[in-house]
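Protein chains: 2
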Amino acid sequence: MSESAEERWAGWGDPAAAVSLPPSIAALLEALGVRPAAPSVDVADVRVPESRLPDEVRQALAAVVGAANVLTGPEARARHGGGKSTADLVRQRAGDAAGAPDAVIYPGGHDEVVAVLRACTERRIAVVPFGGGTSVVGGVGPSLSGRPRIALDLRRLDRLVELDEVSRTATFEAGVRAPRAEEILAARGFTLGHVPQSYEYASLGGFAATRSSGQASAGYGRFDDMVVALTVATPVGTVHTGRAPASAAGPDLRQLFLGSEGALGVVTSLTVRLRPQPVSRRYEGWRFESFEAGALAVRRLAQDGPRPAVVRLSDEYESALGPAAGGCLLVLGYDDGTDADAVLAADGGTALGPEPGQRWAAERFAAPYLRDALLDAGAYAETLETAAFWSRLPALYAQVRAALLDSLDRALVLCHISHVYETGASLYFTVVVAQGDDPVGAWQRAKARASDAILAAGGTISHHHGVGTEHRDWYAREIGPLGVDALRAVKAVLDPQGIMNPEVLIPD
Amino acid sequence: MSESAEERWAGWGDPAAAVSLPPSIAALLEALGVRPAAPSVDVADVRVPESRLPDEVRQALAAVVGAANVLTGPEARARHGGGKSTADLVRQRAGDAAGAPDAVIYPGGHDEVVAVLRACTERRIAVVPFGGGTSVVGGVGPSLSGRPRIALDLRRLDRLVELDEVSRTATFEAGVRAPRAEEILAARGFTLGHVPQSYEYASLGGFAATRSSGQASAGYGRFDDMVVALTVATPVGTVHTGRAPASAAGPDLRQLFLGSEGALGVVTSLTVRLRPQPVSRRYEGWRFESFEAGALAVRRLAQDGPRPAVVRLSDEYESALGPAAGGCLLVLGYDDGTDADAVLAADGGTALGPEPGQRWAAERFAAPYLRDALLDAGAYAETLETAAFWSRLPALYAQVRAALLDSLDRALVLCHISHVYETGASLYFTVVVAQGDDPVGAWQRAKARASDAILAAGGTISHHHGVGTEHRDWYAREIGPLGVDALRAVKAVLDPQGIMNPEVLIPD
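Protein sequences appear in the order of chains A and B. Using the UniProt record's numbering, you'd call the opening residue of the first sequence number 1 and step up by one each time. Using the UniProt record's numbering, you'd call the opening residue of the second sequence number 1 and step up by one each time.
There's no promise every hint is true.
[Said to hold, decoys possible] So, partial list: chain B residues that the calculated Cβ filter (under 8 Å) puts toward chain A:
#, residue
1, Val161
2, Asp164
3, Thr234
4, Asp252
5, Arg273
Don't read these hints as lab results, they were simulated from the structure. Built from N, CA and C at the ideal position, the CB exists for glycine as well.
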């Protein structure tokens, strides 16, 4: 196995797709007191600690997956040392790969995963499953403990196992990345309709393990809605779950592994519900006088329809630079379906035509590239997100925004609603602030304040990023001590030596 | 607390609503060799064993709930000795209440439930939560072990806690029965839309604990789709779960308690998603040439819409006595919504007008009353149900039907599809057969054969009746040894003395 050079080190995506900052943003940064940052250290110069993996372990793993699929070189390990949070990027830019794994293993199928987990359990080596590596909550590292560990990169598990056109389901191996899955499905007339911002790199297994939600969730549902069956490799054997679209046979064990973030086992394949490719797809923009007025309108769409596939309402601050300046921009995306014009007009919306929607769609994967340009310019750009029932949303919005503004110096705080349900919605906050002397520490303090505000206002600590290491303490507060005990009990059974992604999800 | 006499002993519902058999069915029974059965023993004459509950325990429970809410008399205990399966009714008709609980406790609220569970854990007294008592899978007894136990009847937990019109959610205590909940909601313009055949007596907590699915599930979803939050009393304390319509914060713990059948704790309140009352409601019938042709049509509705609220397709045998004789009857119910006429006609359906649909709707709760009349007449009428992905449904249908016909002498076996999803559907079988010398034993043998066939053909052991004691062994096969271990581990944490409904769900 060799690492492809296609992905940018200490940044996002294809280096050829890197962007420069628009002049308007450059001017804004100057107003925020932002000064250009030091350039990123090259991946060849990153400081990676010596691998702690004993030769015996390396040989045992090579016996399972083949020697060519066990990498211990610095670049492979550095590239598996974390995800894509801004804190990850800041550390990577500084050449710091202290928390990198001791080896990267590329299994070729489910049975090899089972054998790797068995070998690592016998030797108490920690295992971090690694899909697209796009976690922004510490889900794939860096490790904060000194325990030896391997990254289990699933990219070789990339097959379509079965496509059942009658049941409209497809079974994929877990390492298939989203664009490849859509390419395979499109050739047969189907789509998943799952398009999160991480789409270009994320894997189907990662979507399942983190309960991902895509930009078209209003029309296609969340990824956990799409998964009808799972195969999970654990250190004590294999679990198959899901024999029907729905069942009254006890607790839904699919829902125990969805969101388990590799802490209970490795999702090695999954069966997902398909939809036909839409005949037509179009985007449009609407303007509302206020975030409150827009929120009322999108609540009506979620509760009474018609429901577009994409529903995304920016607050006044996020809207300020766009075509709805002085009000709020609502972007809608339709995959076939009835238009919502009458409802939106009745709720005070003004149609802005297709252009704002098309622009959003054209730039829908651009934010991570823009973040890299902001990092170069000396800014720190990060996001956090939550969800709550509709009646709690106004207070949640106000209190999280206040916590961020109060704990950061001259920050830009933007927000949008991008996932709507009958009973509630998500809030997605973006923060831009000067890096200053200790960008990671300053953000951690602000994030902690915002996370406290989320729980106090009745929100969930994550609507679609997951728990990872970043949200672990708040997650424990959210589910309470008995919830934590229940998860620990399950983990003790399926992972008796505690090797599975031991730093995420479940607090020690 | 006193037992109301409103519910029929050894039968279903209001005695005043008892029905006689239509002449056509009486003639059919004669052809099946059915001879009238012995009349039911009166409830006053039922054999109930002495209560094994020590005085000290009774006093401790009385200190929690009040002496008036601890009943140890024979009638109350007999009435909590089982559910409403035909086997339950046959035993009750024979005057056998051997498996009755040793006392019936009526707590007045969540805190009293917690205190009862604590007291019972200290004394290792088993606790069977009891809502509407409508289980048909042994979910509320009779007990097959000699262990002392109480029935925890939740009828006093009957309050609406909160109605949130903005979020369209309502929080109810768990003992509220479905008609009362709908009455409360209708006064505010809302409905749950959850109408299973047990509707007249079942409780909301029971719906949650068993993953109930109602006749209008195509339009309103299953009950597990409706529950956005739960409060659960366990022997070690209280669990609250659900803060948002959706979350990426770890495994969905709501889904661990939904379907847990009282084995992990007692659902004491729940927050459910509401819908507006429909403006119009109408029913209609369609005829298809075959079950296969009808199944194709309802699959199209489930996958591409338009989707009526009620979709119910009878096979040739179930259709034989009705207006689609020689073909198959499809009943549709619309709550507002677009009609599906064009799709159905294109798929070969013939419209039969509103009458067959209206007749089904008028008789939708009649089957359990009819079953009582069949029992009087000497027949044994029972049902079983499953679900699978669409591509597996034809073989599942054929194999379960064959297993039933092969293991019962001169049985009538009917089937319908009554819950449809994008990826699959349920199959609901009804069997009518002469009681013979050992009706319960003969059915158990036939049911075992059918259950084996369900698993072999890739179905789930229950789509909406639950696991109880009846499906426990097949459930274990369905989820596999690691699934069972995971559930046992959770139970050991939340119920360390194993007092919670110890005979259901999780095999010893």
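Structure-based check of each hint:
1. Val161: 14 Å, violated
2. Asp164: 5 Å, holds
3. Thr234: 7 Å, holds
4. Asp252: With Cβ-Cβ at 4 Å, under 8 Å, it holds.
5. Arg273: Holds, about 5 Å.
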